[in-house]
Amino acid sequence: DAGVIQSPRHEVTEMGQEVTLRCKPISGHDYLFWYRQTMMRGLELLIYFNNNVPIDDSGMPEDRFSAKMPNASFSTLKIQPSEPRDSAVYFCASSPTDQPQHFGDGTRLSIL
Amino acid sequence: DAKTTQPPSMDCAEGRAANLPCNHSTISGNEYVYWYRQIHSQGPQYIIHGLKNNETNEMASLIITEDRKSSTLILPHATLRDTAVYYCIVRVGLNTGTASKLTFGTGTRLQVTL
Numbered sequence: 001d002a003g004v005i006q007s008p009r010h011e012v013t014e015m016g017q018e019v020t021l022r023c024k025p026i027s028g029h030d031y032l033f034w035y036r037q038t039m040m041r042g043l044e045l046l047i048y049f050n051n052n053v054p055i056d057d058s059g060m061p062e063d064r065f066s067a068k069m070p071n072a073s074f075s076t077l078k079i080q081p082s083e084p085r086d087s088a089v090y091f092c093a094s095s096p097t098d099q100p101q102h103f104g105d106g107t108r109l110s111i112l
Numbered sequence: 001d002a003k004t005t006q007p008p009s010m011d012c013a014e015g016r017a018a019n020l021p022c023n024h025s026t027i028s029g030n031e032y033v034y035w036y037r038q039i040h041s042q043g044p045q046y047i048i049h050g051l052k053n054n055e056t057n058e059m060a061s062l063i064i065t066e067d068r069k070s071s072t073l074i075l076p077h078a079t080l081r082d083t084a085v086y087y088c089i090v091r092v093g094l095n096t097g098t099a100s101k102l103t104f105g106t107g108t109r110l111q112v113t114l
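If you read the sequences in order, they're chains D and S.
If you're matching positions, the first sequence starts at 1 in the numbering used here and goes up one per residue.
If you're matching positions, the second sequence starts at 1 in the numbering used here and goes up one per residue.
Do not take every clue at face value.
What the hints assert, rightly or not - No more than 25 angstroms apart at the CA atoms, straight line, and that leaves these computed lysine-lysine pairs for DSS-like:
{"no.": "1", "chain 1": "S", "residue 1": "K101", "chain 2": "D", "residue 2": "K68"}
{"no.": "2", "chain 1": "S", "residue 1": "K69", "chain 2": "D", "residue 2": "K24"}
{"no.": "3", "chain 1": "D", "residue 1": "K78", "chain 2": "D", "residue 2": "K24"}
{"no.": "4", "chain 1": "S", "residue 1": "K101", "chain 2": "S", "residue 2": "K52"}
{"no.": "5", "chain 1": "S", "residue 1": "K101", "chain 2": "D", "residue 2": "K78"}
{"no.": "6", "chain 1": "D", "residue 1": "K24", "chain 2": "D", "residue 2": "K68"}
{"no.": "7", "chain 1": "S", "residue 1": "K52", "chain 2": "S", "residue 2": "K3"}
{"no.": "8", "chain 1": "S", "residue 1": "K101", "chain 2": "S", "residue 2": "K3"}
{"no.": "9", "chain 1": "S", "residue 1": "K69", "chain 2": "S", "residue 2": "K52"}
Unchecked claim - So the derived label-pair ranges between C-beta atoms look like this:
{"no.": "10", "chain 1": "S", "residue 1": "P8", "chain 2": "D", "residue 2": "I55", "range": "30 to 40 angstroms"}
{"no.": "11", "chain 1": "S", "residue 1": "T5", "chain 2": "D", "residue 2": "P61", "range": "26 to 36 angstroms"}
{"no.": "12", "chain 1": "D", "residue 1": "R9", "chain 2": "S", "residue 2": "P76", "range": "28 to 38 angstroms"}
{"no.": "13", "chain 1": "D", "residue 1": "G16", "chain 2": "S", "residue 2": "N53", "range": "51 to 61 angstroms"}
{"no.": "14", "chain 1": "D", "residue 1": "P8", "chain 2": "S", "residue 2": "I39", "range": "19 to 29 angstroms"}
{"no.": "15", "chain 1": "S", "residue 1": "I63", "chain 2": "D", "residue 2": "M15", "range": "27 to 37 angstroms"}
{"no.": "16", "chain 1": "S", "residue 1": "P76", "chain 2": "D", "residue 2": "G16", "range": "28 to 38 angstroms"}
{"no.": "17", "chain 1": "S", "residue 1": "L80", "chain 2": "D", "residue 2": "R9", "range": "32 to 42 angstroms"}
{"no.": "18", "chain 1": "D", "residue 1": "T76", "chain 2": "S", "residue 2": "A17", "range": "37 to 47 angstroms"}
{"no.": "19", "chain 1": "S", "residue 1": "A17", "chain 2": "D", "residue 2": "E62", "range": "42 to 52 angstroms"}
Since the hints were made in silico from the structure, they are not lab data.
For glycine and all other residues, C-beta sits at the position ideal for the given N, C-alpha and C.
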């Protein structure tokens with residue numbers, strides 16, 4: 001079975017540019033999560049969706065970050081404008097209700 | 001969710017059992033113990049979870065003390081591929097009708113050596 005698929009795997013861009021990270025959850029999973037991992041702060045939950053609806057976005061750092069889930073098989077995390085401190089590995093995860101989460105392999109983002 | 005405490009690092013010889021401890025002295029009655037691991041450059045991987053009974057699956061065993069204030073993850077025959085950071089997480093568990101918000105700590109870095 002295909003796992004959680006994230007794209008791109010690596011992204012390098014200049015400060016001020018818009019960045020869009022993409023995620024395809026496992027089919028049939030009704031929860032989707034976005035995490036960010038840095039050396040300083042570890043792995044942090046940014047936002048999660050249930051049935052395509054955002055439930056808790058309290059982890060989103062600021063208004064430059066936005067996430068959408070237009071359908072059950074696709075989600076995006078957008079940063080506009082990007083800053084060097086946004087450099088991190090961003091993970092997407094999905095799960096059925098009340099079941100363990102399955103993670104993608106992440107997008108390594110570098111903002112110059 | 002209850003806070004967990006894990007040693008920052010451990011070593012284990014290949015082929016031997018790796019026993020990773022976790023303290024969760026403030027765990028509540030409805031909170032489960034979950035274990036994930038993260039191999040370098042990969043996303044976290046679910047290993048096992050339990051409430052109060054010991055659990056075993058194809059990857060590992062989970063031993064939870066009777067007072068539920070601590071637990072041990074056991075990898076029975078560690079291999080080099082088990083080198084990873086192991087996270088012990090306590091959260092409100094199943095049948096809540098809500099998603100699991102996982103709060104990751106710093107984990108234990110397990111190094112398996114020849």
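Here is how each hint holds up against the structure:
A hinted pair counts as satisfied when its Cα atoms are at most 25 angstroms apart, and S/K101 with D/K68 qualifies at roughly 19 angstroms. Under the criterion of a C-alpha separation no larger than 25 angstroms, the hint pairing S/K69 with D/K24 is inconsistent with the structure, at around 38 angstroms. With a CA separation close to 15 angstroms, the supplied pair D/K78 and D/K24 stays within the 25 angstroms bound. Of the pairs offered as hints, the one joining S/K101 and S/K52 holds, with about 20 angstroms between alpha carbons and a cut-off of 25 angstroms not exceeded.
With a CA separation close to 21 angstroms, the supplied pair S/K101 and D/K78 stays within the 25 angstroms bound. Only pairs whose Cα atoms come within 25 angstroms are accepted, and D/K24 paired with D/K68 is accepted, the gap being roughly 12 angstroms. Distance check on the hinted pair: S/K52 and S/K3 sit about 17 angstroms apart at the alpha-carbon level, within 25 angstroms; holds. Note on S/K101 and S/K3: the hinted pairing holds, with a Cα-Cα distance of about 14 angstroms set against a maximum of 25 angstroms.
Taken as a hint, the S/K69 and S/K52 pair is honoured in the structure, with Cα atoms around 10 angstroms apart against an allowance of 25 angstroms. For S/P8 paired with D/I55, a C-beta distance near 33 angstroms keeps the hint of 30 to 40 angstroms intact. Here the CB-CB span from S/T5 to D/P61 is close to 27 angstroms, well matched to the stated 26 to 36 angstroms. Taken as a hint, the range 28 to 38 angstroms holds for the pair D/R9 and S/P76, whose Cβ atoms sit roughly 33 angstroms apart.
In this structure the supplied range 51 to 61 angstroms holds for D/G16 paired with S/N53, their Cβ-Cβ distance being about 54 angstroms. The beta-carbon spacing between D/P8 and S/I39, approximately 21 angstroms, falls within the hinted interval of 19 to 29 angstroms. For the pair S/I63 and D/M15, the supplied restraint of 27 to 37 angstroms is violated, since their beta-carbon distance comes to about 49 angstroms. For S/P76 paired with D/G16, a C-beta distance near 52 angstroms fails the hint of 28 to 38 angstroms.
The given range of 32 to 42 angstroms is broken by S/L80 and D/R9, whose C-beta atoms sit roughly 24 angstroms from each other. Separation of D/T76 from S/A17 is about 43 angstroms and conforms to the stated range, judged on CB atoms against 37 to 47 angstroms. For S/A17 and D/E62, the hinted distance range of 42 to 52 angstroms is satisfied, since their beta carbons lie about 46 angstroms from each other.
In summary, the numbered hints that this structure violates are 2, 15, 16, 17.
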